[in-house]
Amino acid sequence: MINQTITDKDGVKRYLITLNVNGDARTVLVKGNAILANVLRDELNLTGTKKGCELGDCGSCTVLLEGKPVDSCMVLAIEADGLEIITIEGVAVNSKLDAIQEAMINFAAVQCGYCTPGMVLSAKALLTRNPHPTEPEVREAISGNLCRCTGYVHIVEAVLAASEGRLSPGEHEYPREEGGSI
Amino acid sequence: MSRQYSVIGHSVPRIDGPEKVTGAAKYTLDLKFPNMLYGKILTSPHAHARIISIDTSEAEALPGVKAVITHKDVPTLKYGLSPARWDENIFCSDKVRFVGDKVAAVACLDEPTCYKALKLIKVEYEVLPAVLNFLTAMDDGQPRVHDEYEKNINTEIHQEFGDVAKAFAEAYHVRTDTFIGQRTYQCPIEPHTAVSMWDNGKLTVYSSTQSPHYFQYYIAREFGMDIGDVRIIKTFVGGGFGGKLEPTGLEFAGAVLAKLTSRPVRMFYDRAEMFAHNRGRHAQQMEITTGVDKNGKILVAHANFKMDGGAYTSLGIASAYYAGALLPMTYEFDNYKFDMYRVYTNLPACGAQRGHGAPQPKYAFESHLDNVAKDLGIDPMDIRILNARRENTVTPNDFKVNSCHMRECLERARVMSGWDEKKKNRTPGRGIGVSTGSFVTGAGYPIYRTDMPHASAFIRVNEDGTAATLYTGAVEIGQGSDTVLCQMAAEAMGYRYEHMKIIAADTEITPLDFGAYASRQTYMSGTAVKLAGEEVKKQILDMASAMLSLPADDLDCDDGIVFSKSREGKSLTFQEVARKHFVLKGPLLGKGVYTPPRLGGTFKGAPVGTSPAYSFGAQVGEVQIDAETGEISVLGIWDVHDCGKVINPRLLHGQVHGALFMGMGESVWEEVLFDDKGRILNPELANYRMLSAMDMPPIESEVLDTYEPTGPWGAKEVGEGATNPTLGMFSNAIFDAMGVRVNSLPLTYEKVWRALKEKREREAAERG
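First to last, the sequence lines map onto chains A and B. The opening residue of the first sequence carries number 1268 in the working numbering; numbering runs sequentially from there. The opening residue of the second sequence carries number 37 in the working numbering; numbering runs sequentially from there.
Simulated from the structure, these hints should not be mistaken for laboratory data. Don't take every hint at face value.
[What the hints assert, rightly or not] Dumping the calculated SDA-like pairs for lysine to any residue here, alpha-carbon to alpha-carbon at most 20 Å: (1) B:295 / B:112; (2) B:621 / B:503; (3) B:62 / A:1309; (4) A:1335 / A:1392; (5) B:68 / A:1362; (6) A:1280 / B:100; (7) A:1280 / B:152; (8) A:1298 / B:100; (9) A:1298 / B:152; (10) B:713 / B:198; (11) B:62 / A:1312; (12) B:537 / B:634; (13) A:1363 / B:145; (14) B:62 / A:1280; (15) A:1276 / B:145; (16) A:1298 / A:1282; (17) B:62 / A:1362; (18) B:131 / B:111; (19) A:1298 / B:151.
[Said to hold, decoys possible] Now the in silico label distances, taken between C-beta atoms and shown as ranges: (20) A:1396 / B:785: 48 to 54 Å; (21) A:1333 / B:71: 22 to 28 Å; (22) B:544 / A:1396: 33 to 39 Å; (23) A:1350 / B:180: 29 to 35 Å; (24) B:734 / A:1294: 30 to 36 Å; (25) A:1333 / B:607: 38 to 44 Å.
We put the beta carbon where it would ideally sit given N, CA and C, even for glycine.
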């Protein structure tokens, strides 16, 4: 697959690879040990892919590789050569937010926002393969994306709502004045 | 019901939502600057060792390395929270005191070169015996972590209120229990990061911080600069929970490296380094004795605590005081004694984690109270309702409580959870527990000694009136302060939320605010914002008065419309009035400032725990225990809060969920573990066992319709208070299910299984 390499004066080999990111073919020269998350962030300036642990634990760096959610800190860039990658920057089309993104905002499923890109992509992958998931299926699909802020309550609610095409809780979901129960 | 408002009280979408869901939001680690270098800190591999020598020559010779610094290159001034306890240096010079203590730093062309350079720095250590157990740290013969602190005592507190001896003598029943709380870590998902750069003798630091002003103060102090020459800019922050409140060393080291190289330097901690830097919840031994009358009314309590401070003071002197200060909050009793030793160990320093000092003591007290209730044959809910604090009361340690609906929280939680029904119809292996909590609405005294106001803000209305920008030093770290403060600004101005913009937490542009800690911003920053908005509104009404030829006191402004209160049809838009104001008078500005009133008593430590208002809450949880495996299934959690006027219901409930989630992790799973050399065994999110979406049980949260008379529109705290009841609630639910008590956190499956096994063996032995 990888057919072009260049070796520098110190003997370090670099690979010329093409990443199909959000519909654009991007050709980059990377070392064999270059991590996909770093190439996306540092070479292509796609910093919506977050780094939280670099161990595959937190899921902040989730991207879709051929439609499947992966931790891009656990993928070598050369492994992604020629493959289709969707990052968070590729989810909204022409500033039109995806249903999941819209629901995440309207249901207050976003707090600090650091896990949000990965969360959106895991949910996107779920709804693409299973448009009407159950709550346990939603929880399982986002279980690789750790969030320290929300307790996942509003996130699960938002993903389920998005799957039903319900993008906003509506004015009366919480009593107007004092919050009430959920 | 209190009145309806146009902007506050509504779940408006977050102002930063679109940037966060599209990946456009830039966090500090996402920032790049021309010519930028990458920096890393070299830390100690030993828990306690003398530094014999440091040789940086090989590292300096490595191509791509632009600077290497040690203690010789940085100011030697110690820093920390309290002048009496300044004990931390930018880099260690004589000794290292924990695995992870800062020794040197490098700035390089790229990150991989940094790691190579760190390996080339040769540090010769003489390894010393280490203090790893806080329970024996004060014993004779233990090594000293800091030479100047005898018996490793960092903080010693002895407070007594009322007549403790007399009350114990007169009590119908006296009981003592001892509990252990574990060390936990905040685990924000975003790593600590700082980008430092110099321009013409002035320093700019982009930082993931909860308090730009506090960083600005300490950086200026450390480098002997004028505060005005240090600019701290907060970018988007990926969570803090207390861990990003104090300087990390990245700012100090980055500033020196940036100066030496005349280039911007970006430094960060990776996940393991974050765990090593720590500043999370202290491990704590808590002995509690109470005396009650025959009805279960608490007459007196004695809290006798010992805390593992780790190697430095950090914010821990406040944690130590908080541990005892907030204990008499949810229940009324007049006689109270608090003894505390916070000791140094050769482990990472502990600091302020959500609920600062309060959750573990609350766990101990609430577990103990259930034991007392069992002794007396009283229902746990009834003993709490009997003792619940009432409004307009004063705690034995001189905290004045205004609004307080503790009893109503309990009564509502009783109904929501089906408490009485569940207590009557027992299912084997199933248990239900209740606990209470309370927290400050901002600290009554500033984070460092100063007479500055605690919060300030100003608003600039755009020239044509189509937008307004709020300038505040308040710090959005995810809790939603940017959104809530814009709602409050719009409400006070009579304007619309949709037209609000915000510039926050840049010390060169925004006015002083102490930042995101002690659950202070909605109340304190909010009060300043409200005043700023009201100042704008007054000018709008004055201008409209001239335009409409009506007296200003006949006019009001709401939701972007200025109208006559007495004559229908006489109205103008906010926009046209604001435009006219600019044309005739120039910029339309409003400013506000907040300083708390003088609060609290005069005894030593009296300021810690003072607050203009306190939140209250009750939680009930139901669990099912598998006797064979010890596995705990959480069937449901019901939370009821008294947090005053709610500004944004959805964001508020999000705070409750998050606080409960963090408390649940601390209750059953989370713990920072060490080996016998003081090295962290589980510095990863997976092995630390942070909860995933699959672990979270159903939660029902409710807020009562309450009003805090001193708060902006009646608002008070929520963000941290909801963590306080959770640990005790789990302890009591598990106790109820098993009939035996596990006396230490976390209440792991293994401990539960073991407790049940021992109970079975005991019962078998009794049967003979």
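Outcome of the hint check:
Distance check on the hinted pair: residue 295 (chain B) and residue 112 (chain B) sit about 17 Å apart at the alpha-carbon level, within 20 Å; holds. Pair hint residue 621 (chain B) plus residue 503 (chain B) holds up; C-alpha atoms about 18 Å apart against a cutoff of 20 Å. Between residue 62 (chain B) and residue 1309 (chain A), the direct Cα distance comes to roughly 14 Å. Compliance with the 20 Å bound is thereby established for this hinted pair. A threshold of 20 Å between alpha carbons decides the hint, and for residue 1335 (chain A) with residue 1392 (chain A) the separation of about 6 Å falls inside it, so the pair holds.
A distance of roughly 24 Å separates the Cα atoms of residue 68 (chain B) and residue 1362 (chain A); the hinted pair therefore is violated under the 20 Å criterion. Annotation: proposed proximity of residue 1280 (chain A) to residue 100 (chain B) holds, straight-line Cα distance about 19 Å (limit 20 Å). Restraint check for residue 1280 (chain A) and residue 152 (chain B): satisfied, since their Cα atoms lie roughly 19 Å apart, inside the 20 Å limit. Between residue 1298 (chain A) and residue 100 (chain B) the alpha-carbon distance is near 17 Å, which keeps this suggested pair within the 20 Å criterion.
Under the criterion of a C-alpha separation no larger than 20 Å, the hint pairing residue 1298 (chain A) with residue 152 (chain B) is consistent with the structure, at around 16 Å. For the hint linking residue 713 (chain B) to residue 198 (chain B), the alpha-carbon distance of about 45 Å lies beyond 20 Å, and the restraint is violated. As the CA atoms of residue 62 (chain B) and residue 1312 (chain A) are separated by approximately 11 Å, the hinted pair is consistent with the 20 Å bound. With a CA separation close to 34 Å, the supplied pair residue 537 (chain B) and residue 634 (chain B) exceeds the 20 Å bound.
Proposed proximity of residue 1363 (chain A) and residue 145 (chain B) is contradicted: the alpha carbons are some 38 Å apart, above 20 Å. Between residue 62 (chain B) and residue 1280 (chain A) the CA atoms are separated by roughly 33 Å; this puts the pair beyond 20 Å, and the hint is violated. For the hint linking residue 1276 (chain A) to residue 145 (chain B), the alpha-carbon distance of about 18 Å falls within 20 Å, and the restraint holds. With a CA separation close to 6 Å, the supplied pair residue 1298 (chain A) and residue 1282 (chain A) stays within the 20 Å bound.
Taken as a hint, the residue 62 (chain B) and residue 1362 (chain A) pair is honoured in the structure, with Cα atoms around 18 Å apart against an allowance of 20 Å. At roughly 16 Å between alpha-carbon atoms, residue 131 (chain B) and residue 111 (chain B) fall within 20 Å of each other, so this suggested pair holds. At roughly 17 Å between alpha-carbon atoms, residue 1298 (chain A) and residue 151 (chain B) fall within 20 Å of each other, so this suggested pair holds. Between residue 1396 (chain A) and residue 785 (chain B), the C-beta spacing of about 33 Å breaks the proposed range 48 to 54 Å.
For residue 1333 (chain A) and residue 71 (chain B), the hinted distance range of 22 to 28 Å is not satisfied, since their beta carbons lie about 38 Å from each other. Between residue 544 (chain B) and residue 1396 (chain A) the beta carbon distance is about 49 Å. The supplied range of 33 to 39 Å is therefore violated. For the pair residue 1350 (chain A) and residue 180 (chain B), the supplied restraint of 29 to 35 Å is violated, since their beta-carbon distance comes to about 58 Å. As the Cβ distance of residue 734 (chain B) to residue 1294 (chain A) is approximately 49 Å, the hint placing it in 30 to 36 Å is violated.
Under the hint 38 to 44 Å, the C-beta atoms of residue 1333 (chain A) and residue 607 (chain B), about 59 Å apart, miss the expected range.
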